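Here's the letter readout for the chains.
There are 2 protein chains.
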Amino acid sequence: MTELNRRTLLAGTAALGAASVTGVIESVTPAKAAAPLAGKQNNGWYRYKVGDVEVTVVTDGVNRVAKLPDGFVLNAKPQDVDAALVADFREAGKVEIPYNPVVLNTGSKLIMIDTGTGEAGFNSSKGVAGQFTNNLIASGYKPEQIDTVVISHYHGDHVNGLLKADNTLAYPNAEILVPAAEHKYWMDDGEMSRAPAGRMEGLFKNNRRVFNAEVLKRVKTYDPGKEIAPGLTAMATYGHSAGHNSHMLSSGGKTVFISADVTNVPFLFLRNPGWHLSFDQDPKLAEESRRKVYDMVATDKIMVQGFHFPFPAMVYVEKTANGYREIAVPWQSTI
Amino acid sequence: MTELNRRTLLAGTAALGAASVTGVIESVTPAKAAAPLAGKQNNGWYRYKVGDVEVTVVTDGVNRVAKLPDGFVLNAKPQDVDAALVADFREAGKVEIPYNPVVLNTGSKLIMIDTGTGEAGFNSSKGVAGQFTNNLIASGYKPEQIDTVVISHYHGDHVNGLLKADNTLAYPNAEILVPAAEHKYWMDDGEMSRAPAGRMEGLFKNNRRVFNAEVLKRVKTYDPGKEIAPGLTAMATYGHSAGHNSHMLSSGGKTVFISADVTNVPFLFLRNPGWHLSFDQDPKLAEESRRKVYDMVATDKIMVQGFHFPFPAMVYVEKTANGYREIAVPWQSTI
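Chains D and H supply the protein sequences, listed in that same order.
Once you know that position 18 of the first sequence is 18 in my numbering, the rest is easy, because the numbers rise by one and skip nothing.
Once you know that position 275 of the second sequence is 275 in my numbering, the rest is easy, because the numbers rise by one and skip nothing.
Okay, chain D solo, but in the shape it has when bound (with noise of 0.2 Å):
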């Protein structure tokens, strides 16, 4: 037990071998107070820049599926799907689907697209989703800052958290973007007539809440192939749901593709596109969409901005032999 110093390093070799090696030096290393465990994550938000215009994206958190039901993947064998999640180092039988939606900041206008699953999600969850708004806070932005909410369409994760948990409006100055044809649909009573029990059933009967008169007098209708706002232009990627828009951003030179719902998790949905997701209201439709816009990202080699994929949710995309792999962006600690 010797002291390693100055002095016996300046003495060379030979002492500082016996000097080595197995010290322990309780002088020095008096009992402190233990720093109490932190029992804290750090806050879910990542910023760049595409061009102009500075990206936030603010988690929501994830939903935590404890046991994946039965056809969640229509047209796989449940073998096949725990396949997956295993070889994503992932638990066979459990799928955790985050929520990532983004802000932008054109400089003129703050805009977000899709909202998460709201304060009401929050409580249902108990703080596994419905972290946005805070997150958004701890980003910096106050929820009546926003200008501009965009709505990809019509789900409970990208809708419900237009609406505090007491149904009054979250973003209180923001105008509403919805994609007219999913807009058109929900709000059809006929097709809600015609809704199936269950899941459409309770898709419609949430659309109806979500969508009150306050939310109504802020919603304005956007066309796919249309700049809905400065640098950002809705495409028309039909099949997960009647009117599903996503958005493609460009500014500066730089483009990124906001993809929504154009796949669910990608650990399963972009490495196998021809799965069907069972949340898909149209499969063949949304898995057309899907290779359309994963043939174009992979090709034009563009960032895609996943709702669904792990935060901060920004990956690359290639073809493989049997569908497409993606390539993490790596976090940047200056933006």
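To be clear, the hints were calculated from the coordinates, so they are not data collected in a lab.
There could be a bad hint or two in this list.
Identical copies look the same in the list; a pair holds intra-copy or inter-copy alike.
Lysine-lysine pairs mimicking DSBU-like chemistry, simulated, CA-CA at most 30 Å apart [as the list claims (entries may be wrong)]:
#: 1; residue 1: Lys-205; residue 2: Lys-126
#: 2; residue 1: Lys-319; residue 2: Lys-94
#: 3; residue 1: Lys-94; residue 2: Lys-49
#: 4; residue 1: Lys-40; residue 2: Lys-142
#: 5; residue 1: Lys-217; residue 2: Lys-164
#: 6; residue 1: Lys-109; residue 2: Lys-40
#: 7; residue 1: Lys-40; residue 2: Lys-164
#: 8; residue 1: Lys-319; residue 2: Lys-301
#: 9; residue 1: Lys-40; residue 2: Lys-184
#: 10; residue 1: Lys-94; residue 2: Lys-217
Since we're looking at a predicted model, the values are computed, not measured.
Starting from the structure of chain D, add chain H where the hints point.
Relative to the frame of chain D, chain H by itself:
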């Protein structure tokens, strides 16, 4: 330009059809003061549990190498290195090397493994590196609370943070655990006198600066194969430097391999384990250590925490035809 509201909606499809598609509702979207660009990235820390131990990955930032020096990879053609960079959707001829120390809270001790480049690194890099202390504080800890600094090896990005810019102790209450073989080598005057001019000579000089009298008072040496803190076992992974050590953390049946510089950036050297990094002191031995480690973690499916991996630097590893591939561990919004 017709406003969508509950009345038109409740009127059903036909009325809705007339109301939808192109509305712009100026009245409810008055011009607002734009939210200013935030200009700020999230703090770079991430926390997870390994049994009873809380691990906090605290990034020090990155080293942006704007022009890859000739011979960065000793035994690969520049065009093959460029191809590997491009395959990872990076720019040819450039590399970005992240620095990711970790902090372990065992409940009774707060232990950091490696230091990053320190305050001087922050100043010289203009904040691109040297972010460890800021991120440590953001994660909920103060430098004074660190009980133990474990050093893997004596390269600047691992030891320079032991000192503040004025060469006083950055962690005034910490003992400093160093690999015995590494310490012996760098403190050996004979080895120093034989060091080739340039990088190796510079490393010796830097280590004599860093391991000043105050630091040496706190130094204890450790040997591989020994548990150097509760659940933390040192492992000899020689080659990158004379006495380079990695660390296996085990608690509650969970295990993480904290790999230090068994490999530099994974997108080059994990995918091509036969490639030799110019910074490897004994490249052949480094390759041997690398293959041994990655064979082990691939076979046993042990998570790797990689110092030079993109933040948060947690991956699983699988074998490929020519080497290995990393599978990123997804971000969790809760711990």
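Okay, the hints, checked on the actual structure:
no.: 1; hint: Lys-205 - Lys-126; result: within (24 Å within a copy, 54 Å between copies)
no.: 2; hint: Lys-319 - Lys-94; result: both (26 Å within a copy, 25 Å between copies)
no.: 3; hint: Lys-94 - Lys-49; result: between (35 Å within a copy, 20 Å between copies)
no.: 4; hint: Lys-40 - Lys-142; result: both (22 Å within a copy, 15 Å between copies)
no.: 5; hint: Lys-217 - Lys-164; result: within (17 Å within a copy, 58 Å between copies)
no.: 6; hint: Lys-109 - Lys-40; result: between (32 Å within a copy, 18 Å between copies)
no.: 7; hint: Lys-40 - Lys-164; result: both (25 Å within a copy, 28 Å between copies)
no.: 8; hint: Lys-319 - Lys-301; result: both (11 Å within a copy, 26 Å between copies)
no.: 9; hint: Lys-40 - Lys-184; result: neither (43 Å within a copy, 39 Å between copies)
no.: 10; hint: Lys-94 - Lys-217; result: neither (40 Å within a copy, 51 Å between copies)
Going through the hint list in order, the structure does not satisfy hints 9 and 10.
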